[in-house]
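Quick mapping for you: the protein sequence lines, in order, are chains R and S. The end of the first sequence is residue 172 by the numbering used here, with every number in the run present. The end of the second sequence is residue 404 by the numbering used here, with every number in the run present.
By construction, these hints were calculated from the structure, which means they are not laboratory data. All C-beta atoms in this analysis are idealised placements derived from N, C-alpha and C, irrespective of residue type, glycine included. It is possible that part of the hints are untrue.
As the list claims (entries may be wrong) - Partner residues are not named here, just some residues of chain R that face chain S (Cβ under 7 Å, in silico):
(1) V31
(2) F74
(3) M77
(4) N134
(5) Q136
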Amino acid sequence: MAPVATPFFFYLLSGLALISGILVITRRNPVHSALALILTLLALAGIYLMLYAPFVAGVQIILYAGGIMVLFLFVIMLVNVGRAEKERQFNKQWLLAIAATVGLGIVFVRVFTSSQTLTELLKRPLAQLPETSNTQQVGFSLYGQYMLAFEIASLLLLVAIVGAVVMAKKRI
Amino acid sequence: MRDYFYSYLKSDATPGAAGNMLWAFIYIMLIFMGLSIAVIAMNWLERKVLAHMQVRLGPMRVGPHGLLQPIADAIKLLIKEDIMPAEADKLVFWMAPLIVVTTAFTTFIVVPFGPQHAVTDMNIGILFMLGVSSLGVLGIVMAGWASNSHYPLIGALRSSAQMVSYEVAMGLAVVSAVLMTSLHGAGIYATGGGSGMGTLSMIEIVRAQQEQQAWFAFKFFPLGLVAMFVFAVAMVAETNRAPFDLPEAESELTAGFHTEYSGFRWSLFFLAEYSAMIAVSSILVTLWLGGWLRPFPNLLAGPTWDLVFSLFPGLTFLALAGLTSGFGALLGLIGLILFISPVRAWVQDIYWFVAKVAVFMYLYIWYRGTFPRYRFDQLMKVGWKVLLPTGLGVLIVTAIVGVL
C-alpha cells in the first residue's frame with residue numbers, strides 16, 4: 001500500500017496552519033480569531049497523522065479543538081465583545097515579539113542542524129513508524145520509561161485544578 | 001477495472017485496510033444512504049410512537065399511516081424561503097450547520113457494521129469517534145453566536161456547558177470498556193489476565209468480546225453494566241435530547257440555538273441531530289453489546305443455531321411484510337432474497353448491529369415520551385456529582401478486578 005503522506009498534503013496542511021495562524025492575530029472579532037485558531041489546531045492534527053502518530057492527532061482533536069477551544073468560545077461569548085473590536089489590534093510590543101520569534105526560529109534550526117546540514121535534513125525520507133500499534137507504543141513509554149515524569153505532570157495538573165477551584169469559589 | 005472491483009470481495013478486510021478506494025467510496029455512499037433513510041424512518045417513527053403514547057393517531061393523511069409524511073416535510077423544508085437575520089455574522093452563520101452535519105457523518109467512517117463492513121479501521125477508532133463528535137459542539141456554539149439573538153445565544157451557552165461536562169463522564173465510561181479489552185479472562189465472571197494488550201480500534205474491541213466470550217456489558221458482572229448505564233445517560237445529554245434537551249427547551253428558549261434557522265439550513269441541524277444519535281448508539285453497541293455478534297454465540301453454539309440465527313434478517317422482513325398491506329410484497333421479496341445462502345452470510349452481521357442500534361433509537365423516543373425535562377442545575381448535578389464519580393469508581397474497580 002502506497003503511503004498517503006505525500007508532500008502535497010504536507011504543504012496543504014502547513015499552509016493552512018500558517019494562514020489560519022495569521023488570521024488568529026489579524027481578525028478584529030475575537031470569535032473569528034478563536035475559529036481560526038481551531039483551524040490551525042486541526043491542520044496540526046493532520047500533520048501529526050502524516051508523521052504516523054494517530055494517537056497524538058486524536059488527542060489533539062479531542063482535547064484542543066473539541067474541549068479547550070469550546071471553553072474559549074464560551075468565555076468570549078460571555079465577555080463584552082464590543083469593546084475589544086474598537087481597541088487597537090497591535091500594541092507597542094510587536095517589534096519585540098518579532099525579534100523573539102525570529103530568535104526562537106534560529107534556535108530550532110540550529111538544534112535540528114547541529115549534527116547535519118539543512119539540505120541533508122530536508123532530503124531525508126520520513127521514518128516509517130508502526131502506525132498500527134501507535135497507541136500501544138505511547139502507552140508503553142508513558143507508563144514504562146517515562147513513568148515518573150508522567151506522574152509528576154499529572155500531579156501538577158491536579159494542583160492546578162485545586163487552585164482554580166479555590167480561586168473561583170469564595171466558600172468551599 | 002472488473003478485477004479491481006471483484007478483488008476486494010474475496011478479501012476479508014475493510015476497504016480502508018485493503019487499500020481499495022473504489023469499495024471505500026461504495027461503502028461511504030451506502031452508509032450515507034442508509035443513514036439518510038434511517039433519519040427519515042426515525043422521524044416518522046418518533047411522531048407515531050409519541051402520538052400513540054399520548055393516545056393520539058399522529059400523521060395519518062400522507063400515505064398509509066402517514067408513511068410519506070417525512071418526505072412531504074423534506075420537500076416543504078427544501079422549497080421554503082431561506083432567511084438569514086440582517087444582523088447575523090454571515091460567514092459563521094453559513095458555516096455552522098455544515099460543521100454540525102459533517103462531523104455527525106464523519107464519525108461513521110469507523111463504525112463496524114461487521115468484521116469487514118466498515119469504511120476503515122483505525123488504531124485510534126473510538127478516540128476518533130469521540131473527538132469528531134465533540135467537534136459538533138463547535139457548530140452549535142457558532143450557530144448560537146452567529147444568529148446575534150438572545151435565545152440562540154443562551155441555547156448555545158447551555159449546550160456547550162452541557163456537552164463539555166457530559167463528555168467527561170462519557171470518556172470515563174469508555175475508558176473502562178477499553179480497559180476490559182486487555183483483560184483476557186474468558187466468560188462473564190472471569191477475573192485477572194491483565195497482561196494482554198488493549199486496543200482502541202472499533203473492530204478489535206468487538207473481536208475482544210468474541211474472544212472473551214462475553215459482551216462487555218456483562219463482564220465482571222455489575223461493573224460493565226454500570227459503565228454502560230453511565231454512557232447511556234451521558235449519550236442522551238450529549239445529543240441534546242429529552243429529558244436533557246435544555247439547549248432547545250421550547251418553553252424557555254423558543255427553539256434554542258437554531259431559532260433563527262429556517263428551511264434547508266434547519267433541516268441540516270435536524271439531520272445532524274439524528275445521525276449523532278445513531279452514532280453514539282453505535283458506540284454503545286460496539287463497546288458493550290458486542291457490535292455485530294449475534295446473541296448467545298457460546299451458549300447456543302453449533303451449526304444448527306448458526307443457521308437459525310442467520311434466518312432472522314429474512315424473517316424480520318417477512319414479518320414486516322405481513323404487517324403492511326400496500327408495498328408488503330416488496331418487503332416480502334427482500335425477505336426472501338435475504339434467505340439465499342451467500343446473501344445471508346453477508347447480511348447477518350449488519351442485521352444484528354442495526355437491530356441493536358434500533359433498540360437504543362426506540363429508547364430515545366421512549367425517554368422523550370415519558371421523562372419530564374431536567375432543570376439546568378439538576379442536569380449539572382447529575383453530570384458532575386453522580387455520573388462522573390460513578391464512572392471513575394467503575395474504572396478503578398475494573399482495574400483492580402483485572403489484576404486480581
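Right, here's what the structure says about each hint:
no.	hint	verdict
1	V31	holds (6 Å)
2	F74	holds (5 Å)
3	M77	holds (6 Å)
4	N134	holds (5 Å)
5	Q136	holds (6 Å)
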